[in-house]
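There are 2 protein chains.
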Amino acid sequence: MENISNIRYGALPSNSPYIKPFRMRYVQDGITKDADLLKVHDSVCIIIYNRTTKKLIFVRQFRPAVYYAAVSENGSETDDNVNSTKYPPKLAITLELCAGIVDKDLPLKEIAREEILEECGFNISSDRIEEVMTYRSGVDTTGATQTMFYCEVTDDDRVTAGGGIDDEIIEVIELPMDEVEHMVKTGANVVSPPSFLLGVLWFLSNKKPQQ
Amino acid sequence: MENISNIRYGALPSNSPYIKPFRMRYVQDGITKDADLLKVHDSVCIIIYNRTTKKLIFVRQFRPAVYYAAVSENGSETDDNVNSTKYPPKLAITLELCAGIVDKDLPLKEIAREEILEECGFNISSDRIEEVMTYRSGVDTTGATQTMFYCEVTDDDRVTAGGGIDDEIIEVIELPMDEVEHMVKTGANVVSPPSFLLGVLWFLSNKKPQQ
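Protein sequences appear in the order of chains Z and C.
If you count the first sequence from 1, you need to add 474 to reach this note's numbering.
If you count the second sequence from 1, you need to add 474 to reach this note's numbering.
The following block holds chain Z by itself, in its conformation from the complex:
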């Protein structure tokens, strides 16, 4: 996963399939304002607890956005052909909940079910998936909705090793309770989105099994 090379930056092409920026102009209390926004897909994420191993299941992946930000923080934001020895790609290997975008006309639980299978390799029916909460994943530029789910699996539900589909490169990882508790208690320096910390804290507050 960390074999990253030939990093280059360029202009956003006008036909980007990933992000569609635009400007919104409006008048609020008599003041004309502009906001520059992005159209993106809604998404789902899933807290997965493995009852067999008594561990939580997460995914790790290289995130280009995090890499760019991490390199910028070290002062080399304008470098083209970034030195990946000086800035090792592991700086941008994130720890996240299993997640995916809503790009099909299916119930959200069904999309969650597919992500659990594709990314993590567990094949479960959608009635084993519980909706936890819904929020706006970005309020500054996207406004997209993310719905968080929870499910429990066992080793018997595993049908593949997971890892994503097409050219996704995703590593599945199981972490024990004491390790995730340490992460949220100390604010350990995880490279994660807030949904990861929110999901872990929600699990520890509501679902943590008695020892």
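There may be inaccurate statements among the hints.
If several chains are the same, the list does not tell them apart, and a pair holds so long as it fits within one copy or across any two.
Stated by the list, open to error - Under the rule of at most 25 Å between Cα atoms (straight-line distance), these lysine-lysine pairs were calculated in the BS3-like manner: (1) LYS583 to LYS682; (2) LYS659 to LYS564; (3) LYS560 to LYS513; (4) LYS564 to LYS529.
The hints are simulated quantities; they were obtained by calculation from the structure and are not laboratory data.
Position chain C relative to chain Z; hints supplied.
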């Protein structure tokens, strides 16, 4: 705050001061990949507990990104000059932690201190502000870091009504414990970013005062 009119959409100007999109190309495990990203500022957010009123302090504001997304969900995404009677702006009034971007060369705690004053009207010294945790606010497109802080204030610390500076239109709101507990337990349909829910859950797990 909800007096919003003359909503129009247009192309992103190339000199947008808000978002700077670009493409990153790289090779991972032999596969060439593109990622379209945004350069944005890092940010801080602050969980504020008022010891006098025994309430948590939040901010409410109209978020254009959420409005656009809410209208899109109702099927009118391509409308120019959106009908704000049919789509009331209150759809996009968010409930959030006090927060701000890191656009000055100051310690993060000092930036947090300024936001607590500007948005919420409490003037406290930065040694009363505790760092909680750090995460990547967006892993898909921005990778920016958000640092979460916690502080306690009393009514004696209040020096203004808050509300933001320049043309910001921000409402300060105090909510009692039972109300915020309900929000995170039921996943009540708050229009909020994950940092709000994370901050509330962290507070309830770590700082909630004994009744």
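Each hint tested on the structure:
In this assembly of identical chains, LYS583 and LYS682 lie within 25 Å of each other by CA distance solely inside one copy; the values are 22 Å within and 33 Å between copies. Proximity of LYS659 and LYS564 under a CA criterion of 25 Å is satisfied intra-copy only: 23 Å inside one chain copy versus 35 Å between copies. When the C-alpha separation of LYS560 and LYS513 is checked against a cutoff of 25 Å, the pair qualifies only between copies, where the shortest distance is 21 Å, while the shortest distance within a copy is 34 Å. For a Cα distance limit of 25 Å, the shortest separation of LYS564 from LYS529 inside one copy, 23 Å, qualifies, whereas the shortest one across copies, 41 Å, does not.
Every hint from the earlier list agrees with this structure, and none is contradicted.
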